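Colleague: Residues per chain are reported as follows:
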Amino acid sequence: MPEPRLRIIGTSVTLTEELCARAKADLPFAIDFDVLDGLACLRRGVLSPESYDIYDQWFYSLDMLWTAGAIQAIDTARIRRWPQVRVAGKVPGLARERSSGNAPTELLFVQSDGTLGHAPNQPEAPQIGMLPTTYNVDSFAYRRELLSAVAPGEAESWGWLLDDRWHGRATISLDPAGSAVELALAARSAGLVDLRDPGDLTTEEIDALCDVLRSLKRRGHFARFWGSSEDSVSLMASSSVIGSLWSPAYYTLRGMGQDLIYAAPREGYRGWHSGLCLSARATAEVSELAYAYMNWWLEGTPGAVMARQGFYMAVTEPLSETLSDAEWLYWYGGEPASEDLRGASGAIVVKQGERREGGSYQDRIRRVAVWSTIMPEHNYLARRWRELIEL
Amino acid sequence: MSETERYPEAGSTVVDSRNSAGKATGQRWEGGDGVPAGPSYIYDSIYQLLRQKILDNDLPPGALLKEASVASHLGVSRAPVRRALLMLSETGLVTSAVGQGYLVGKGMVRRMSPRDLHDILAPATDEIDRTATWERIFARVSLEILSVMPFGTYRIQEAELGDYHQVSRTVAREVLWRLIDARLIEKDRKSHWIVGQMTARDVRDSLEMRQVLEPKALAHVAAGLDPSWLEGLIAKIDGAIATFPHCGGGEIDAIEDALFQTMYDDLRNARLLGSIRRNQFALIVPRLFRQHFSIRDDLSALTSYVQLLRLLRSGSVDAAQVLLSSHLRRSEPLLLARLRVLAILPPPVTVPYMIAED
Numbered sequence: 022m023p024e025p026r027l028r029i030i031g032t033s034v035t036l037t038e039e040l041c042a043r044a045k046a047d048l049p050f051a052i053d054f055d056v057l058d059g060l061a062c063l064r065r066g067v068l069s070p071e072s073y074d075i076y077d078q079w080f081y082s083l084d085m086l087w088t089a090g091a092i093q094a095i096d097t098a099r100i101r102r103w104p105q106v107r108v109a110g111k112v113p114g115l116a117r118e119r120s121s122g123n124a125p126t127e128l129l130f131v132q133s134d135g136t137l138g139h140a141p142n143q144p145e146a147p148q149i150g151m152l153p154t155t156y157n158v159d160s161f162a163y164r165r166e167l168l169s170a171v172a173p174g175e176a177e178s179w180g181w182l183l184d185d186r187w188h189g190r191a192t193i194s195l196d197p198a199g200s201a202v203e204l205a206l207a208a209r210s211a212g213l214v215d216l217r218d219p220g221d222l223t224t225e226e227i228d229a230l231c232d233v234l235r236s237l238k239r240r241g242h243f244a245r246f247w248g249s250s251e252d253s254v255s256l257m258a259s260s261s262v263i264g265s266l267w268s269p270a271y272y273t274l275r276g277m278g279q280d281l282i283y284a285a286p287r288e289g290y291r292g293w294h295s296g297l298c299l300s301a302r303a304t305a306e307v308s309e310l311a312y313a314y315m316n317w318w319l320e321g322t323p324g325a326v327m328a329r330q331g332f333y334m335a336v337t338e339p340l341s342e343t344l345s346d347a348e349w350l351y352w353y354g355g356e357p358a359s360e361d362l363r364g365a366s367g368a369i370v371v372k373q374g375e376r377r378e379g380g381s382y383q384d385r386i387r388r389v390a391v392w393s394t395i396m397p398e399h400n401y402l403a404r405r406w407r408e409l410i411e412l
Numbered sequence: 107m108s109e110t111e112r113y114p115e116a117g118s119t120v121v122d123s124r125n126s127a128g129k130a131t132g133q134r135w136e137g138g139d140g141v142p143a144g145p146s147y148i149y150d151s152i153y154q155l156l157r158q159k160i161l162d163n164d165l166p167p168g169a170l171l172k173e174a175s176v177a178s179h180l181g182v183s184r185a186p187v188r189r190a191l192l193m194l195s196e197t198g199l200v201t202s203a204v205g206q207g208y209l210v211g212k213g214m215v216r217r218m219s220p221r222d223l224h225d226i227l228a229p230a231t232d233e234i235d236r237t238a239t240w241e242r243i244f245a246r247v248s249l250e251i252l253s254v255m256p257f258g259t260y261r262i263q264e265a266e267l268g269d270y271h272q273v274s275r276t277v278a279r280e281v282l283w284r285l286i287d288a289r290l291i292e293k294d295r296k297s298h299w300i301v302g303q304m305t306a307r308d309v310r311d312s313l314e315m316r317q318v319l320e321p322k323a324l325a326h327v328a329a330g331l332d333p334s335w336l337e338g339l340i341a342k343i344d345g346a347i348a349t350f351p352h353c354g355g356g357e358i359d360a361i362e363d364a365l366f367q368t369m370y371d372d373l374r375n376a377r378l379l380g381s382i383r384r385n386q387f388a389l390i391v392p393r394l395f396r397q398h399f400s401i402r403d404d405l406s407a408l409t410s411y412v413q414l415l416r417l418l419r420s421g422s423v424d425a426a427q428v429l430l431s432s433h434l435r436r437s438e439p440l441l442l443a444r445l446r447v448l449a450i451l452p453p454p455v456t457v458p459y460m461i462a463e464d
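Here the protein sequences line up with chains C and F, keeping their order.
If you want my numbering, it's the position in the first sequence, counting the first as 1, plus 21.
If you want my numbering, it's the position in the second sequence, counting the first as 1, plus 106.
If you are wondering where the hints come from, they were derived from the structure by calculation, not from laboratory data.
Misleading hints may appear alongside valid ones.
Said to hold, decoys possible - Per the computed footprint, the stretches of chain C lying under chain F, defined by three or more beta-carbons under 8 Å from a beta-carbon of chain F, are:
hint, stretch
1, 60-68
2, 399-408
Unchecked claim - Rough simulated footprint, nothing fancy, chain C against chain F, three-plus residues with beta-carbon under 8 Å:
hint, stretch
3, 217-231
4, 448-458
Since the structure is predicted, the reported quantities are computational estimates derived from the model, not experimental observations.
In this text, a Cβ means the ideal position worked out from N, Cα and C, and glycines have one as well.
Can you make the complete structure from the sequences, with help from the hints?
Modeller: Here it is, written out as structure tokens:
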């Protein structure tokens, strides 16, 4: 019998080189990481559960994976730190927050009828669809020189992404699950469309938004749309002066010496949450490895790797072992850095005295305007979005 | 085209077409290779009829067959007769008598009075399948259209539709107007025939309508349901539940066909039936879903179905109505989730007459 191997699919957002190397070093079994782009990962997650054991991606893919029968329930009794897990800072299954988009706690627990729901169906050791791991709040970054064109007292706004002042030099993500809500916030702020809820657009609102974006794209407003975090780094390092950006890309650019400001937009952030799912096809033998890997994720090592690219973790207790006080206070506490801090690559990404935009993690999470989402009209949005991209 | 071909059963055709549109979803959507699967074409019926009459010597060698008179005696239009005669001439059973029509065999003309010809042909008219050409292909075209609705917006090319299904452009257009009536397609501002993408709102709105309409229809048909049909369907669902999920998606498709299509077939209120059919398009979503994914979530629906049928069997129509209504209401989240999952699939390979709209 060959030794069982654990097969993991995910994206470069969480499956960073360092994380993969640490997992292989820390865990006593062979692991194959397959790092894919977001849509390819989701498609494979839904269509080919036999090709992986662990799926590592956004919470909003949970609904689709579960509906397609591609994943199986995770038994929290086998997750050592389950009692410490907080979803975006909150105890899962308690107070329900009113926010736009797929709040990550909305579909976490397996219900007695086999569907997913907000609250556990049993208080002890509930079954869950996805193990919450890392999360963050995102916005956009811009070059410091832009401040010269900003009016005194003008607050940072998503509307800036569509602003003529930076015509031809704006960039956004190709992925509609993130971009559509950002652009909905932007277009609403700029007074270009009238939208009720950016996380649940109606077909008419999608049409109106896409019309605005088509017109902007035709006029050459966007430099280009970026397809990956690496792509966004090269764009922001060259032709673009403003663009939606994920935090690893922002800190990579900072490490390269780029003078960029990460915005805390007045409308609020776009939040996202990541997690791990267990393939429906994982055997009992492979599940042992999968649970070991999931438990490892909630220990301090991955949390520190994630923190150094700006992400938060669902379990924070063990981070006292793996992050220095200075790191904890900057990344989580929102305090001024007491020393220069190194990012994931080892480069200095934060200089002494700098402070994270938006404050502490509780402050930033409170300001989530909308969660990355698969909205009810996602099918319609995806098609209209593709037409926009192919324009 | 004659009036009989255009409107074969004037008055009831609209409802019939919706019936067949609904039933079409009972077929697997992989169908559609362009070969007519339903009843034969009218020209083919005429060809078979004349061929048999010739072989049986009812139409003796030398008999002169003219397009107009054959059409008149059979009560059909001239076009299919022309085609049937041409086919017969290709087999050598008749030969062209230039300007006069066709001669049976190759001998001399043998005079035959119109009365004789009438006596030979008229009794045979029942053997001709008179289903209008548009009806023959309507169910298949409906299914082809339903099968792309979750994936995007498509434009239908009228001429290519005709070519693909081997019908004239006139018939293709007839089918398209019927599809507009069934609300499966629309005409856009440029007068293109458009298959609009199924949206979450379409699904929600249609389920709301079905909750209003179908319990009402159930009350109308309940008394007339054949007890043995009910028993058979109950046994079928019990069997599916007992073997679930090994019963397979096709079995659930068949059960839903019986429950939501056959169930209402005898509804006398044609307007009500028409409205029901128009709002059942989203039944294609679970059907497409089950071809690709796990049927795990269908078990609770099967349980509801069998309860509903048992209530009908025991005459508890009120309770059956309530159960149907609540089933339709509760089916919405799963239906919408499945619609979202379908978005992950690569767009299906469409039939050649449909092109994706940008």
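Colleague: A separate judgement is required for each hint: does it hold in the structure or not?
Modeller: Status of the hints after comparison with the structure:
| no. | hint | in the structure |
| --- | --- | --- |
| 1 | 60-68 | holds (count 4) |
| 2 | 399-408 | holds (count 6) |
| 3 | 217-231 | violated (count 0) |
| 4 | 448-458 | holds (count 4) |
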